[in-house]
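Required output: the full structure, derived from the provided sequences and hints.
There are 2 protein chains.
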Amino acid sequence: MGLTQDVANFVSKTRYRDIPTEVVCLARGFILDGLGVALAGSTDDCARILQAHVRQIGGREEVTLLGTGLSAPVPKAALANGVAGHAMDYDDTQLSTSKEAVYGLLTHPTTPVLAAVLATGEKEKIRGKDFLLAYILGVEVECRIADAINPHHYQSGFHSTATMGGFGAAMAVGKILALKEEALIRTLGIAASMASGLRENFGTMTKPLHAGRAAENGVTAAWLAREGFTAALNILEARRGFYNAMAGGYDESKIAGRLGRPYFMQEPGISIKPYPSGSLSHPAQDLILDLVKEHDLHAEDIESIEVGTNSNVPNALIYPMPKTALEAKFSIPFCMAIGVLERKAGIAQFKDRKVRDAKVVQLMKRVSLYVDGELESLGYDQVRSRIRIKLKNGKMIEGRYDVARGHPEKPMSWAELGEKFKDCASLVLPRKHVDEAIQLVARLEQLETLRPLLRTLAGGKDRRAKRLKKSGSRKWSHTRKS
Amino acid sequence: MGLTQDVANFVSKTRYRDIPTEVVCLARGFILDGLGVALAGSTDDCARILQAHVRQIGGREEVTLLGTGLSAPVPKAALANGVAGHAMDYDDTQLSTSKEAVYGLLTHPTTPVLAAVLATGEKEKIRGKDFLLAYILGVEVECRIADAINPHHYQSGFHSTATMGGFGAAMAVGKILALKEEALIRTLGIAASMASGLRENFGTMTKPLHAGRAAENGVTAAWLAREGFTAALNILEARRGFYNAMAGGYDESKIAGRLGRPYFMQEPGISIKPYPSGSLSHPAQDLILDLVKEHDLHAEDIESIEVGTNSNVPNALIYPMPKTALEAKFSIPFCMAIGVLERKAGIAQFKDRKVRDAKVVQLMKRVSLYVDGELESLGYDQVRSRIRIKLKNGKMIEGRYDVARGHPEKPMSWAELGEKFKDCASLVLPRKHVDEAIQLVARLEQLETLRPLLRTLAGGKDRRAKRLKKSGSRKWSHTRKS
Chain A
385 MGLTQDVANF VSKTRYRDIP TEVVCLARGF ILDGLGVALA GSTDDCARIL QAHVRQIGGR
445 EEVTLLGTGL SAPVPKAALA NGVAGHAMDY DDTQLSTSKE AVYGLLTHPT TPVLAAVLAT
505 GEKEKIRGKD FLLAYILGVE VECRIADAIN PHHYQSGFHS TATMGGFGAA MAVGKILALK
565 EEALIRTLGI AASMASGLRE NFGTMTKPLH AGRAAENGVT AAWLAREGFT AALNILEARR
625 GFYNAMAGGY DESKIAGRLG RPYFMQEPGI SIKPYPSGSL SHPAQDLILD LVKEHDLHAE
685 DIESIEVGTN SNVPNALIYP MPKTALEAKF SIPFCMAIGV LERKAGIAQF KDRKVRDAKV
745 VQLMKRVSLY VDGELESLGY DQVRSRIRIK LKNGKMIEGR YDVARGHPEK PMSWAELGEK
805 FKDCASLVLP RKHVDEAIQL VARLEQLETL RPLLRTLAGG KDRRAKRLKK SGSRKWSHTR
865 KS
Chain E
385 MGLTQDVANF VSKTRYRDIP TEVVCLARGF ILDGLGVALA GSTDDCARIL QAHVRQIGGR
445 EEVTLLGTGL SAPVPKAALA NGVAGHAMDY DDTQLSTSKE AVYGLLTHPT TPVLAAVLAT
505 GEKEKIRGKD FLLAYILGVE VECRIADAIN PHHYQSGFHS TATMGGFGAA MAVGKILALK
565 EEALIRTLGI AASMASGLRE NFGTMTKPLH AGRAAENGVT AAWLAREGFT AALNILEARR
625 GFYNAMAGGY DESKIAGRLG RPYFMQEPGI SIKPYPSGSL SHPAQDLILD LVKEHDLHAE
685 DIESIEVGTN SNVPNALIYP MPKTALEAKF SIPFCMAIGV LERKAGIAQF KDRKVRDAKV
745 VQLMKRVSLY VDGELESLGY DQVRSRIRIK LKNGKMIEGR YDVARGHPEK PMSWAELGEK
805 FKDCASLVLP RKHVDEAIQL VARLEQLETL RPLLRTLAGG KDRRAKRLKK SGSRKWSHTR
865 KS
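Residue numbers (our numbering), protein chains in the order written: chain A, 385 to 866; chain E, 385 to 866.
Errors might be hidden in some of the hints.
Any copy, or any two copies together, can satisfy a pair, since identical chains are not distinguished.
Derived SDA-like pairs: lysine to any residue, alpha-carbon spacing no greater than 25 Å straight-line [what the hints assert, rightly or not]: (1) Lys-806 <-> Gln-823; (2) Lys-638 <-> Ser-540; (3) Lys-483 <-> Glu-508; (4) Lys-509 <-> Gly-442; (5) Lys-743 <-> Asp-685; (6) Lys-507 <-> Gly-442; (7) Lys-513 <-> Leu-762; (8) Lys-507 <-> Ala-436; (9) Lys-707 <-> Leu-617; (10) Lys-507 <-> Ser-455.
These aren't lab readings, by the way, just hints derived from the structure by calculation.
Pasting the structure below:
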């Protein structure tokens with residue numbers, strides 16, 4: 385059995401009852417997180433443009449565009465919700481099975497699969513269990529295909545979420561449509577000829593577009609395969625197939641026989657972003673929040689804050705004195721200052737007006753970032769971070785975190801996930817719907833229909849539709865995000 | 385000025401009056417040919433599935449699906465017409481500027497660009513001149529980008545029409561939408577992150593899908609850029625950009641300063657396929673047709689036909705005794721036999737029943753294909769072919785062709801193009817519309833509106849729509865074309 389058939393066989397034969405309970409529990413968390421970041425992202429300029437684009441094409445208003453009060457045909461809803469899911473770069477990240485893997489090589493697994501499953505699931509009127517099964521299988525396929533790819537793929541310029549998210553989305557949709565192994569093989573063949581997305585587009589709206597396209601492509605590939613559309617039967621492993629063309633090969637030992645053994649969600653795991661900022665700031669952000677609460681610190685007590693990391697961090701977090709919210713996401717002084725002043729680091733904190741706030745600016749001046757010799761010597765596989773707070777009374781407070789909340793070694797509790805979801809979803813949903821959505825995802829496997837969940841996620845029809853209509857007529861700024 | 389800006393600048397600044405008349409004349413021929421093969425291809429199973437797919441999504445019925453009597457939103461019409469254009473592998477092929485280029489490296493230039501221009505042009509109500517200008521610029525960009533790419537691109541498994549057709553389509557649509565240079569640069573950035581398509585899918589329906597996707601992607605990229613969607617500003621030449629990621633580089637001397645100098649259509653040129661069969665059979669097909677007419681040969685007079693070529697040909701044309709029309713397209717004995725018996729080699733000849741016809745089978749047995757030492761020594765840059773016909777009366781008739789009709793060295797006349805168009809278009813259009821379409825394309829630059837042309841190309845609404853509805857409910861055969 386070749387690799388492509390292997391993948392199709394795994395998707396075709398796995399039933400809900402074959403999935404370990406632990407995996408279902410993890411999946412609920414990733415789904416809640418994915419829905420939250422997509423709801424927040426639906427307000428981003430790039431998502432707004434896509435929503436207007438989808439409306440311009442028109443078509444059957446059959447499934448929900450999250451948070452907008454709008455509906456669209458299945459592939460277009462997958463597109464728009466996928467773009468929203470990655471718009472803030474706040475969605476989850478798969479870890480690697482090998483320590484020496486290149487940072488960033490792998491995918492943001494949830495967004496493409498979730499967007500495709502949500503749209504298809506609504507149309508096909510599936511139960512919560514079917515939703516979970518399709519999502520879990522899609523993420524498994526996506527993560528294993530990405531884990532096995534030759535790192536040359538990423539190094540030469542491809543964006544893994546873009547190029548491999550579509551396989552996950554395609555298999556998830558194929559599962560919902562109950563495609564047989566033979567049709568799933570063709571689905572992979574079609575999806576591979578849609579795989580695309582370049583890293584040079586990082587820092588622009590085209591990066592989130594990658595995730596949306598992966599979701600849409602997954603739907604399209606499965607739909608065409610269902611109608612008998614033909615494709616190669618060995619697209620992953622073939623000489624002129626996916627791995628060879630797009631990466632110069634793959635490591636078979638990382639995928640052959642490893643689908644669901646264990647599930648990638650269990651080991652090595654998927655990391656949830658606790659803050660809407662550059663991930664290299666997260667351990668230090670986590671630590672400052674804990675220290676501030678533990679010692680009840682206030683800005684006026686603090687003389688200085690020193691943050692020590694390995695040398696990767698100052699290379700990426702390059703703003704000692706940020707001027708905008710976007711810069712603040714890559715600024716250790718801002719992350720420390722806002723943590724002390726607001727004891728939070730959510731969407732509401734990363735705002736232009738906060739960055740310019742006099743208290744924040746004052747405190748940022750007392751924060752420094754340095755390369756810590758000991759942490760540097762421990763390598764780059766984790767973002768180990770040390771904080772030393774010197775108080776005006778001469779006292780010194782210290783701490784060190786090697787990972788942040790949300791990492792599989794330090795998973796977020798359901799309550800913490802709920803807090804992040806509220807922070808995100810409140811941008812577009814009334815509080816009542818936010819709370820209902822959390823409760824519904826908590827018992828997703830018991831839902832006989834997705835309808836109540838989708839109703840809570842749809843967003844206020846009149847309010848949003850009006851806003852959209854208005855914004856559809858203006859042009860967005862062309863500034864490239866850095 | 386970087387390469388990406390160079391391309392955008394060329395598209396943005398070139399006006400209709402800057403285009404040499406010779407290029408306009410050539411373009412009319414390629415457009416007529418592209419429309420014809422798309423009309424014929426609209427009856428192919430893969431095109432039918434796409435038409436049903438487009439109908440399933442729904443949306444604004446704003447532009448024409450060629451030959452079907454159906455309408456669809458612009459991007460979806462570009463998709464369906466693009467698939468139809470490449471469905472029979474009967475569309476044109478760009479030549480290379482270097483003799484040593486790998487055969488097949490380059491694109492089928494017309495289909496992706498024409499499908500995008502046709503759909504966008506209908507919606508935007510452009511004149512014939514705008515149509516020609518957009519088409520010519522799109523093809524120029526596509527051909528130059530493809531000509532410059534490192535051949536590793538094709539060798540490693542990418543399909544050039546798929547991966548670079550989108551750039552041509554995007555620039556053509558951008559021209560119609562009057563995007564400025566800055567927006568055209570972003571259009572290229574977005575289009576590059578949609579570029580995709582693997583050769584392992586050759587011989588399946590996914591190959592024509594590549595051309596349709598390229599057309600649709602071009603429309604989508606230009607639409608998003610128009611709305612202010614951001615993207616990298618140097619996607620072609622950047623380190624993590626198109627050429628590096630997808631080919632490991634490019635030959636700058638083949639594109640820098642060469643856009644429109646001369647137009648690629650003029651030099652090295654674009655080849656039109658004279659027959660709906662494997663292109664390696666075309667010189668011999670051409671020759672047998674000429675010999676048969678010149679000497680008024682009949683099957684019963686012929687003892688044997690020997691066809692000599694270089695060793696590439698028997699490697700590709702592998703069916704000495706084909707059983708199906710698809711096999712017959714890769715069979716020298718069939719091409720020779722049908723040429724003698726019917727003195728034609730059009731769509732009507734490559735049919736299953738012809739392949740099984742007793743007269744054809746008898747004559748095929750008298751045809752042999754051999755590697756000719758002299759032709760082999762001349763290299764593989766052309767498909768030089770020799771025919772020796774031994775008559776029963778002992779007489780010997782010989783000839784040699786190095787290229788077939790349709791090659792830039794032996795261009796098809798307008799009358800010949802018209803014959804091919806009739807052969808193709810008659811599958812779906814009434815004779816009256818076929819003739820009108822030829823006349824309208826002949827004076828395309830004079831048309832104040834495309835409406836009359838589109839009316840002739842639309843196809844019988846009732847007849848086709850009914851047929852489609854019927855076929856939409858059945859499943860197509862899953863057999864992979866070889």
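Now the hints, each set against the structure:
1. Lys-806 <-> Gln-823: within (12 Å within a copy, 64 Å between copies)
2. Lys-638 <-> Ser-540: both (21 Å within a copy, 22 Å between copies)
3. Lys-483 <-> Glu-508: neither (41 Å within a copy, 54 Å between copies)
4. Lys-509 <-> Gly-442: both (22 Å within a copy, 20 Å between copies)
5. Lys-743 <-> Asp-685: within (13 Å within a copy, 101 Å between copies)
6. Lys-507 <-> Gly-442: both (17 Å within a copy, 15 Å between copies)
7. Lys-513 <-> Leu-762: neither (43 Å within a copy, 66 Å between copies)
8. Lys-507 <-> Ala-436: both (21 Å within a copy, 18 Å between copies)
9. Lys-707 <-> Leu-617: between (53 Å within a copy, 23 Å between copies)
10. Lys-507 <-> Ser-455: For Lys-507 and Ser-455, the Cα distance is within 25 Å both inside one copy (11 Å) and across copies (24 Å).
The structure fails hints 3, 7 (numbered hints given earlier, in ascending order).
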